[in-house]
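Participant: Sequences listed follow chains A and B, in order.
One point on numbering: in numbering that gives the first Met the number 0, the residue at position 68 of the first sequence is 67, and numbering is uninterrupted.
One point on numbering: in numbering that gives the first Met the number 0, the residue at position 58 of the second sequence is 57, and numbering is uninterrupted.
Simulated from the structure, these hints should not be mistaken for lab results.
Be aware that one or more of the hints could be misleading.
If several chains are the same, the list does not tell them apart, and a pair holds so long as it fits within one copy or across any two.
Unchecked claim - No more than 25 Å apart at the CA atoms, straight line, and that leaves these computed lysine to any residue pairs for SDA-like:
| hint | residue 1 | residue 2 |
| --- | --- | --- |
| 1 | LYS91 | THR20 |
| 2 | LYS96 | GLY22 |
| 3 | LYS96 | GLY27 |
| 4 | LYS96 | ARG61 |
| 5 | LYS96 | SER84 |
| 6 | LYS70 | ALA30 |
| 7 | LYS70 | ARG32 |
| 8 | LYS70 | TYR26 |
| 9 | LYS96 | TRP86 |
| 10 | LYS96 | TYR26 |
| 11 | LYS70 | PRO9 |
| 12 | LYS96 | ASP21 |
| 13 | LYS96 | GLY25 |
| 14 | LYS91 | ILE2 |
| 15 | LYS96 | THR85 |
| 16 | LYS70 | TYR90 |
| 17 | LYS96 | ASP23 |
Number of protein chains: 2
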Amino acid sequence: MTIANTPEPPYYAVIFSSLRTDGDNGYGAMAERMDALAAQQPGYLGVESAREGLGITVSYWRDLASIRAWKANAEHLVAQQTGRSTWYTDYKTRICKVERDYGLDDAFASRTE
Amino acid sequence: MTIANTPEPPYYAVIFSSLRTDGDNGYGAMAERMDALAAQQPGYLGVESAREGLGITVSYWRDLASIRAWKANAEHLVAQQTGRSTWYTDYKTRICKVERDYGLDDAFASRTE
Numbered sequence: 000m001t002i003a004n005t006p007e008p009p010y011y012a013v014i015f016s017s018l019r020t021d022g023d024n025g026y027g028a029m030a031e032r033m034d035a036l037a038a039q040q041p042g043y044l045g046v047e048s049a050r051e052g053l054g055i056t057v058s059y060w061r062d063l064a065s066i067r068a069w070k071a072n073a074e075h076l077v078a079q080q081t082g083r084s085t086w087y088t089d090y091k092t093r094i095c096k097v098e099r100d101y102g103l104d105d106a107f108a109s110r111t112e
Numbered sequence: 000m001t002i003a004n005t006p007e008p009p010y011y012a013v014i015f016s017s018l019r020t021d022g023d024n025g026y027g028a029m030a031e032r033m034d035a036l037a038a039q040q041p042g043y044l045g046v047e048s049a050r051e052g053l054g055i056t057v058s059y060w061r062d063l064a065s066i067r068a069w070k071a072n073a074e075h076l077v078a079q080q081t082g083r084s085t086w087y088t089d090y091k092t093r094i095c096k097v098e099r100d101y102g103l104d105d106a107f108a109s110r111t112e
């Protein structure tokens with residue numbers, strides 16, 4: 000997985016932090032399917048994900064309407080329900096507006112502000 | 000690592016996504032020191048971190064002023080500089096305003112909105 004190639008801010012981020020239950024219980028296949036499905040949604044800008052005990056998945060979106068539509072997607076609703084009942088012992092979803100960003104190439108700007 | 004126990008929104012998140020160079024090169028000790036130092040800063044609300052190839056660290060802050068002050072911290076500036084020169088092949092920092100959040104306990108609200 001690489002760093003998402005997002006456009007100039009403003010755009011939106013959904014930070015999904017989670018702790019898993021033991022065992023796969025269909026989680027791996029669902030996660031793969033949700034990644035593919037999310038990428039087809041209008042307003043999708045990219046995703047970044049890592050798990051090391053705690054899992055953090057950040058998906059990036061053009062606007063709040065795109066996030067709302069993805070949250071209400073029928074297949075995604077089933078995954079959310081199974082997440083609550085089966086896959087996660089705890090999670091937190093944070094809806095954020097990305098106001099600015101900078102990277103390694105912007106080091107000079109970052110260093111002098 | 001657990002899910003950060005953040006207050007009611009609005010608050011701020013700094014999403015730091017990175018890819019590491021090979022070898023430790025003092026990274027582990029610095030990361031530990033920066034975690035401890037960040038936690039002492041005014042406006043610090045918590046941190047979540049995971050690396051699986053891609054590393055994602057999300058720190059949470061009361062406001063933009065707190066983020067700015069932490070970014071300008073002298074010891075942190077040295078770490079940022081060494082990150083650019085030695086530890087990271089690529090990174091992206093995103094400054095975000097958390098507008099809303101919900102967790103497993105808010106499932107009913109989340110399901111019906």
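Participant: Does each hint hold? Answer for all of them.
Facilitator: Do the hints match the structure? See the list:
Taking identical chains as interchangeable, the C-alpha atoms of LYS91 and THR20 lie at most 25 Å apart only when both belong to the same chain, with a minimum of 15 Å there against 30 Å between chains. Taking the closest pair of Cα atoms, LYS96 and GLY22 never come within 25 Å of each other, the shortest separation being 34 Å inside a single copy and 35 Å across copies. With identical chains, the CA atoms of LYS96 and GLY27 are never at most 25 Å apart, being 29 Å at best within one copy and 31 Å at best between copies. When the C-alpha separation of LYS96 and ARG61 is checked against a cutoff of 25 Å, the pair qualifies both within a copy, at 10 Å, and between copies, at 15 Å.
Taking identical chains as interchangeable, the C-alpha atoms of LYS96 and SER84 are never at most 25 Å apart, the minima being 29 Å within one chain and 30 Å between chains. Proximity of LYS70 to ALA30 under the C-alpha cut-off of 25 Å is restricted to the intra-copy arrangement: shortest distance 15 Å within a copy versus 35 Å between copies. Taking the shortest alpha-carbon separations for LYS70 and ARG32, only the intra-copy value of 15 Å comes in at or below 25 Å, while the best inter-copy value is 38 Å. Taking the shortest Cα distances, LYS70 and TYR26 sit within 25 Å of each other inside one copy (18 Å), while across copies they are farther apart (38 Å).
Taking the closest pair of Cα atoms, LYS96 and TRP86 never come within 25 Å of each other, the shortest separation being 28 Å inside a single copy and 28 Å across copies. Neither within a single protomer nor between protomers do LYS96 and TYR26 lie at most 25 Å apart by alpha-carbon distance, with minima of 29 Å and 30 Å respectively. In the homo-oligomer, the alpha carbons of LYS70 and PRO9 lie at most 25 Å apart both inside one protomer (20 Å) and across protomers (21 Å), since each shortest distance falls under that limit. Within a single copy, LYS96 and ASP21 get their C-alpha atoms no closer than 33 Å, and across copies no closer than 33 Å, so neither meets the 25 Å cut-off.
For the homomeric pair LYS96 and GLY25, neither the shortest alpha-carbon distance inside one copy (32 Å) nor that between copies (34 Å) is at most 25 Å. Taking the shortest alpha-carbon separations for LYS91 and ILE2, both the intra-copy value of 22 Å and the inter-copy value of 7 Å come in at or below 25 Å. For the identical chains of this complex, LYS96 and THR85 are neighbours neither inside a copy (30 Å) nor across copies (31 Å), given an alpha-carbon limit of 25 Å. Proximity of LYS70 and TYR90 under a CA criterion of 25 Å is satisfied intra-copy only: 15 Å inside one chain copy versus 28 Å between copies.
In this assembly of identical chains, LYS96 and ASP23 lie within 25 Å of each other by CA distance neither inside one copy nor across copies; the values are 32 Å within and 34 Å between.
Hint compliance for this structure: hints 2, 3, 5, 9, 10, 12, 13, 15, 17 are broken, all remaining hints hold.
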